[in-house]
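**Student:** So you can see what is in the structure, the chains are spelled out below.
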Amino acid sequence: MHMQDKKLEVSAIENGTVIDHIPANALFKVISILNLDKMDRQITFGTNFDSKKLGKKAIVKLSDTFFKDKDINKIALVAPQAKLNIIRNYKVVEKKVVEVPEDIIGIAKCMNPKCISNNEKLITRFRVVSRQELRLKCHYCEKITDQEHIEII
Amino acid sequence: MKSKSLVSITDYSKEDYLRIIALAEEFEKMPNQTILSDKVVATLFFEPSTRTRLSFESAVLKLGGKVIGFSDSNSSSVTKGETLYDTIKIVSNYCDLIVMRHPLEGAARFASEITSVPVINAGDGANQHPTQTLLDLYSIAKTQGTLENLTIFMVGDLKYGRTVHSLLMAMSQFQATFHFVSPDELKMPDEYKYYLDCLGLKYTEQKEFGTHIDTADIIYMTRVQKERFSDPIEYERTKNAYVLKNRMLEGTKENMRVLHPLPRVNEIDQDVDVNPKAYYFTQALNGVFIRQAIIASILGLK
Numbered sequence: 005m006h007m008q009d010k011k012l013e014v015s016a017i018e019n020g021t022v023i024d025h026i027p028a029n030a031l032f033k034v035i036s037i038l039n040l041d042k043m044d045r046q047i048t049f050g051t052n053f054d055s056k057k058l059g060k061k062a063i064v065k066l067s068d069t070f071f072k073d074k075d076i077n078k079i080a081l082v083a084p085q086a087k088l089n090i091i092r093n094y095k096v097v098e099k100k101v102v103e104v105p106e107d108i109i110g111i112a113k114c115m116n117p118k119c120i121s122n123n124e125k126l127i128t129r130f131r132v133v134s135r136q137e138l139r140l141k142c143h144y145c146e147k148i149t150d151q152e153h154i155e156i157i
Numbered sequence: 099m100k101s102k103s104l105v106s107i108t109d110y111s112k113e114d115y116l117r118i119i120a121l122a123e124e125f126e127k128m129p130n131q132t133i134l135s136d137k138v139v140a141t142l143f144f145e146p147s148t149r150t151r152l153s154f155e156s157a158v159l160k161l162g163g164k165v166i167g168f169s170d171s172n173s174s175s176v177t178k179g180e181t182l183y184d185t186i187k188i189v190s191n192y193c194d195l196i197v198m199r200h201p202l203e204g205a206a207r208f209a210s211e212i213t214s215v216p217v218i219n220a221g222d223g224a225n226q227h228p229t230q231t232l233l234d235l236y237s238i239a240k241t242q243g244t245l246e247n248l249t250i251f252m253v254g255d256l257k258y259g260r261t262v263h264s265l266l267m268a269m270s271q272f273q274a275t276f277h278f279v280s281p282d283e284l285k286m287p288d289e290y291k292y293y294l295d296c297l298g299l300k301y302t303e304q305k306e307f308g309t310h311i312d313t314a315d316i317i318y319m320t321r322v323q324k325e326r327f328s329d330p331i332e333y334e335r336t337k338n339a340y341v342l343k344n345r346m347l348e349g350t351k352e353n354m355r356v357l358h359p360l361p362r363v364n365e366i367d368q369d370v371d372v373n374p375k376a377y378y379f380t381q382a383l384n385g386v387f388i389r390q391a392i393i394a395s396i397l398g399l400k
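Just so you know, the protein sequences line up as chains A and B, in that order. Going left to right, the first sequence walks through residues 5 to 157 as this note's numbering numbers them. Going left to right, the second sequence walks through residues 99 to 400 as this note's numbering numbers them.
Fair warning: there could be bad hints in the mix.
Unchecked claim - Restricting the straight-line Cα-Cα distance to at most 27 angstroms, the calculated cross-link-like pairs of lysine-lysine (DSSO-like) are:
no., chain 1, residue 1, chain 2, residue 2
1, B, K102, A, K125
2, B, K257, A, K72
3, A, K147, B, K324
4, B, K160, B, K178
5, A, K141, B, K240
6, B, K285, A, K147
7, B, K240, B, K300
These are calculated hints, taken from the structure and not from any lab test. None of these values were measured; they are calculated from a predicted model.
Please model the entire structure based on the sequences and the hints provided.
**Tutor:** So this is what it looks like as structure tokens:
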């Protein structure tokens, strides 16, 4: 089953990017963070595939689309184990893992209801203070939002 | 200094603390000057804090400056639904410096980023109140002759008390030893203990108040508030356990001083007030000099 998935994903597109190992429940967050709903290229989504690591996983295949590291790294918040396969001429030419960036800007919501960012129109900003167990420190209220409470705007 | 504004105590370095303290000493010798005669300072208090506002306004007026502003949001357009963004943008046209207090955390940081006028944070919710910390440092430096290698007891609500957190951050730059005295429900949060661990600084934690305070250079008292307890019975049980009484000061060091950010309720018995080691009222006076120093420094006048 797993092998077939692999085969499917690499053979399906000629040029582009395959994002694998997305937790199934994070697929729609990934779509939202990368603005895939506004993209005009061919995209295939698959979800609820069995995964030893994740239980259920999702895959996104994007034709003729290549991301800059700083853009794709944004999904590390919701899919820290995501792996990227860069496809050229039906072949995987590069594999990448996502990395949590140092600063998270305009993606996550502060969990502190008394934070100004939840009461005034502004772009949220966090510094990543821990990567192992993801912990974000709000630039405004200086409180910590932990992995469990990260909400994507 | 990372920016002109003073929003968080971590905006200032150890050198900044020492420079501001030295300036405050100058102002204490000569508190009435005219260096602010062409300056207008706006005090925007989106929630009331009479003591802090009067301290700032006194600092400005003694230096010949003028003050505009409001003392709670009922007397401003906030009640009409104006955003903080708009209020700050408008007020920036009218003044050279903004002093603001706001019930929401991060409000001062946000304000400092949308105006070219420097902002001093006079308290943003439970987050920061850096001028309080600087006046605490000034009080400690004045009474101890140094900030280095002191032993500091922090007593009461160490979980929610922003003043103790900021003071810990600041004093940790001067090799302080800390003793935390609090009920279990109000213990110093792990992140601050972890911070001290990283710096290799010593600290202890205890529930009982009254023993071992003879090593203290500073006892920093805070209010234990009823609303902080999930269990009202637990509050009744502990409310009198963190009260400082005059007889407890017997045997403490000669140089030891008792500090409190005020207002106090009952955590320092009134019988302590006559003891020369009680310093909290002078501490409040120091607030005027330290605010004069901060304002003069930010406006580039000193």
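**Student:** Which numbered hints turn out to be false for this structure?
**Tutor:** Numbers 2, 4, 5 - these are the hints that the structure violates, sorted from lowest upward.
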